[in-house]
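2 protein chains.
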Amino acid sequence: MSNGAWSTPAQKSLRASELGPIAAFDADSTPGFDGDKSDGEALLTKRGEHFADLQELLYANGRSGDDRSVLLVLQGMDTAGKGGIVRHVGGLVDPQGLAITGFGKPTPEELSHDFLWRIRNALPAGGRIGIFDRSHYEDVLPVRVHNLVPQSEWEARYTVINDFERDLVDQGTTVVKCALVVSKDEQKARLAERLDRPDKYWKFNPGDIDERAYWDAYLEAYQAVFDRTDTDYAPWHIIPANRKWFSRLAICELLITALENLDLSWPPADFDVEEQKKRLAASE
Amino acid sequence: MSNGAWSTPAQKSLRASELGPIAAFDADSTPGFDGDKSDGEALLTKRGEHFADLQELLYANGRSGDDRSVLLVLQGMDTAGKGGIVRHVGGLVDPQGLAITGFGKPTPEELSHDFLWRIRNALPAGGRIGIFDRSHYEDVLPVRVHNLVPQSEWEARYTVINDFERDLVDQGTTVVKCALVVSKDEQKARLAERLDRPDKYWKFNPGDIDERAYWDAYLEAYQAVFDRTDTDYAPWHIIPANRKWFSRLAICELLITALENLDLSWPPADFDVEEQKKRLAASE
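Protein sequences appear in the order of chains A and B.
Going by the UniProt record's numbering, the first sequence opens with residue 1, and the numbers climb by one from there.
Going by the UniProt record's numbering, the second sequence opens with residue 1, and the numbers climb by one from there.
Bound-form chain A, shown alone (with noise of 0.2 Å):
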């Protein structure tokens, strides 16, 4: 029955730990969402309104001194629609109010650092909404896969991100953790697109193929995530992806889950109205 709602909250429907094993996961099932594409675009819409609303009174919080704020982490194999993502969900708000950080191969100076300094250098300020595009789970996602440090050093970091995540929400940071799974072969024919289109041949690395070599240890590598970082501080949400209509309904709600749990009113004047309104009046 598609009737363009959710049955269950998508906190819920999309955590990992309701979820099977990522090696099952269905990349085109929309759990938790009765509707097909027309009825979720319609709803984007309308939320996105909600969202949108929700986000000037973090931003004017903020302003106020309320250092609170909410950090998406976004992270997905190549071609998942993490750009996408920051486009068309952050899009929906006010763009003053975001802090976007895309995280790629470590610089030499990041390299000489330990693995969250970057990280830290990033985080959203109070009355922000931070969009890390990847993030320090690079550090145990494609570092473990080819070992670019010996495994002892990435099997230790687990348990630092959790320590990390566990600062960070006690600072004030509401922390939303998105997966993004497209199936293998959804992610050919999205490399397909973009060598078939000049206008998107500066998307494509050929990297991304050597990458799909690799697949199966990536799975592992999003399961070990899975299973020792989902967090009820900082939990996890896989995000089926093959549906890129799904994946922005779903993340522009669990936003507005986690803005809505702030349970924000409007700042208070920290002036007396109506004598202002006196002198505005009396002024030329």
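This list has only true hints and no planted wrong ones.
Where chains are identical, the list cannot tell them apart; a pair therefore holds if satisfied intra-copy or between any two copies.
Below, computed lysine to aspartate or glutamate pairings styled on EDC-like, alpha-carbon distance capped at 20 Å: (1) 200 to 53; (2) 105 to 153; (3) 277 to 193; (4) 184 to 26; (5) 200 to 94; (6) 277 to 196; (7) 244 to 41; (8) 203 to 186; (9) 105 to 138; (10) 278 to 78; (11) 46 to 56; (12) 203 to 67; (13) 200 to 49; (14) 278 to 193.
Hints are computed from structural coordinates only; laboratory data are not their basis.
We have chain A; now place chain B onto it with these hints.
Same frame as chain A, but now just chain B:
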């Protein structure tokens, strides 16, 4: 005759040197544009899509090593709508491609450096559109009006600014400077609205009323800015801002022109497309 089109291109009709003295400026006017609010809004929707396409092209080139960028410098008195420009014009494009910085009262650290230090730190990387909400011009506007530094010091800054912007442009940044101008009455109405609506209290600052007493001194300071820093390489535009639909349309148009002048095309593949197609087809 209202037909919803520009009779004179915005970069000409709004150029500071084309317009008369700022003290006589009509903040309700729509120089160069023949049309009313609904015409303007319809045109902004259409031009916004073109703007987004051009921004993606700039971003793609940036990712491919082109270090050119665009910098929008926004100045204007309180309530002139700078934040609305960031939200409604910046919001037309992929937020990933924006680098937005607001410059408030300088912090002690900023004051311990020369006045351009914080500006240099916020310049857009290649492929980005930077937006400065206030800028280095604060150092010759409130600073001049209130003599926050000795006159000999602020007097010297016009030349320093011109040299700085010359360097910026030489390094590949297109600089688009816009001064948003509201009338004194319109400002009063907008301040009154902030005092009438609890969801707007956070935008109100009692100091904004104090600044109204310096209105004429500000106009003088703006005039000096136009007289001394409206250069062909980094031109000033005066944006009448009593009608928000017009200021948004005008600035979108100025950014489109800046991007079109870069004469961008999609970056060519830096790999052999046919070879990669074969590799992809052969991958599982």
